[in-house]
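Asker: Make a model of the complete structure from these sequences and hints.
Protein chains: 2
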Amino acid sequence: MAFTTNATIASFGGKLLKLTHAAKSTNCDMNLNLYLPPGSNSGKKIPVLFYLSGLTCTGDNCAEKGFFQHKASEKGIAVVYPDTSPRGLKIEGEDDAYDFGSGAGFYIDATKEPWSKGYNMYTYITSELPQALFSSFEQLDKERVSITGHSMGGHGALTLYLKNPTLYKSCSAFAPIANPINAPWGQKAFSGYFGENNTSKWKEHDATELIKSYKGTPKILIDVGTGDNFYKQKQLLPENFMAAAKEAGVDGCVKLRMQDDYDHSYYFMASFADEHVEFAAKALGV
Amino acid sequence: MAFTTNATIASFGGKLLKLTHAAKSTNCDMNLNLYLPPGSNSGKKIPVLFYLSGLTCTGDNCAEKGFFQHKASEKGIAVVYPDTSPRGLKIEGEDDAYDFGSGAGFYIDATKEPWSKGYNMYTYITSELPQALFSSFEQLDKERVSITGHSMGGHGALTLYLKNPTLYKSCSAFAPIANPINAPWGQKAFSGYFGENNTSKWKEHDATELIKSYKGTPKILIDVGTGDNFYKQKQLLPENFMAAAKEAGVDGCVKLRMQDDYDHSYYFMASFADEHVEFAAKALGV
Numbered sequence: 001m002a003f004t005t006n007a008t009i010a011s012f013g014g015k016l017l018k019l020t021h022a023a024k025s026t027n028c029d030m031n032l033n034l035y036l037p038p039g040s041n042s043g044k045k046i047p048v049l050f051y052l053s054g055l056t057c058t059g060d061n062c063a064e065k066g067f068f069q070h071k072a073s074e075k076g077i078a079v080v081y082p083d084t085s086p087r088g089l090k091i092e093g094e095d096d097a098y099d100f101g102s103g104a105g106f107y108i109d110a111t112k113e114p115w116s117k118g119y120n121m122y123t124y125i126t127s128e129l130p131q132a133l134f135s136s137f138e139q140l141d142k143e144r145v146s147i148t149g150h151s152m153g154g155h156g157a158l159t160l161y162l163k164n165p166t167l168y169k170s171c172s173a174f175a176p177i178a179n180p181i182n183a184p185w186g187q188k189a190f191s192g193y194f195g196e197n198n199t200s201k202w203k204e205h206d207a208t209e210l211i212k213s214y215k216g217t218p219k220i221l222i223d224v225g226t227g228d229n230f231y232k233q234k235q236l237l238p239e240n241f242m243a244a245a246k247e248a249g250v251d252g253c254v255k256l257r258m259q260d261d262y263d264h265s266y267y268f269m270a271s272f273a274d275e276h277v278e279f280a281a282k283a284l285g286v
Numbered sequence: 001m002a003f004t005t006n007a008t009i010a011s012f013g014g015k016l017l018k019l020t021h022a023a024k025s026t027n028c029d030m031n032l033n034l035y036l037p038p039g040s041n042s043g044k045k046i047p048v049l050f051y052l053s054g055l056t057c058t059g060d061n062c063a064e065k066g067f068f069q070h071k072a073s074e075k076g077i078a079v080v081y082p083d084t085s086p087r088g089l090k091i092e093g094e095d096d097a098y099d100f101g102s103g104a105g106f107y108i109d110a111t112k113e114p115w116s117k118g119y120n121m122y123t124y125i126t127s128e129l130p131q132a133l134f135s136s137f138e139q140l141d142k143e144r145v146s147i148t149g150h151s152m153g154g155h156g157a158l159t160l161y162l163k164n165p166t167l168y169k170s171c172s173a174f175a176p177i178a179n180p181i182n183a184p185w186g187q188k189a190f191s192g193y194f195g196e197n198n199t200s201k202w203k204e205h206d207a208t209e210l211i212k213s214y215k216g217t218p219k220i221l222i223d224v225g226t227g228d229n230f231y232k233q234k235q236l237l238p239e240n241f242m243a244a245a246k247e248a249g250v251d252g253c254v255k256l257r258m259q260d261d262y263d264h265s266y267y268f269m270a271s272f273a274d275e276h277v278e279f280a281a282k283a284l285g286v
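Going line by line, the protein sequences match chains D and R. Quick note: the first sequence uses UniProt numbering, first residue 1, plus one each step. Quick note: the second sequence uses UniProt numbering, first residue 1, plus one each step.
Please note: incorrect hints may appear among the correct ones.
For chains that are exact copies, the list does not tell them apart, and a pair is met inside one copy or across any two.
Calculated cross-link-like contacts (lysine to any residue; reagent style SDA-like; alpha-carbon spacing at most 25 Å) [stated by the list, open to error]:
#1 Lys65 with Phe230
#2 Lys215 with Gly192
#3 Lys142 with Asn41
#4 Lys65 with Ala10
#5 Lys75 with Lys215
#6 Lys90 with Ser116
If you're looking for bench data, these hints aren't it; they were derived computationally from the structure.
Answerer: This is how it looks when you write it as structure tokens:
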């Protein structure tokens, strides 16, 4: 479970660690970035924000271009940037498409062969990775964890949060695939990982379905740009999520902000990263 | 002199314009990014910060990873991110090395054939580009301009500032090549662009030489990371610059900060971008 530290990079007064570890759930070595804010060796427990990346990305893109370290440094929050899928499993076709296989794990545990042999990002993110991190980095506070993500990672953040009400203190998302069972990206991924007709399984990983039966008081912030082409192409469907939240009587706990002219890029995320970290910080008690 | 707008991207409440224009001095079309802060069409004149990039970069890298827009948005400052050289002049060998030719214009006007046919980034940055910008974007305030840059672009910022005391209100630099005539990168570039024995010309573009005879009260901020490998390899030589400033009696006007553990990367720049924009903002009267 131990991590290899490939690099330690000074960033906003803290350190960005480039880590690798052998993961059982994904059946391969996994890379990730861990940002430790200033003072992380002072003996104080540090809350943690998981950031889940979108299609084609690794944990590197947002660490470089997302600007989360800026406010995380100020608030004293660690940020975890995992990869988006297993890599190099030698499954036929795993590198053929940008929206399925490598870089497109969709934060589910695949039930269909051959993908089930390692495409288990749900277990990796909710269980194996946090266990490894909390065991290796004792300053990280496993009682204070929040989650955020972008696009496919926004889908991941929402579904992992809604399925695990005690695991995360809050959830935010940038341009999430909020209703994948009704969007081309989600339909392709769920067909491939779960099977075309396995709709009951599909619904278990659809944020819009999950919020309908959510018990409790969720804390969710979502930003979507009105200039986002994937929003226009109905890959994201945040309105469906809001309608379901309303149906469930929890729409008062979900803030959806449509941001004028913003696109799907890291320019969009960088512009609102401070606010998403502040949203998490409040839920994490810092 | 007109610009073509290839894209308009929402960023920190303002707009990042991806521009192209035909430039005479560099003998080719030049790409650049222009960040216009919020409210830039309100009729108020907007001060301008030129950011000069380092070796291998275009105007894109810092616009994506430098986070200058964060504070520039707040302060109401436009940021110009030019390219680092002409491109595609079909000069033999122009793409052979990362530190000479394409991506390595060094902000000089080459005197040696064949480079003199377009490697004139000094004229481009100090004259042609600002004239084109101020003519096309009337909201930009040509009376309030500052300059900053990274590595080769830090050399550019320092030398353009010191050679043109009335053009810029302040200068800052990240890990600048502060004494190129005594550093391998500078020696290679100046040999190629000016000729091996043209040392009088070399000195005209060496910040350490220029500060010796600077008349007036410069406003200069320099950050260098102590973990910067190029600093360790003596490519940057900020101490020589400080010694020369002291010799000239202006060291009180130059702030050199050695930043613990920081490297040469955009992680380093992002960490201090807010402070460099604030330094410029003060000089620009905002």
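Asker: When the structure is checked against the list of hints, which entries are broken? Sort them ascending.
Answerer: Of the numbered hints given earlier, those the structure breaks are 2 and 5, listed in rising order.
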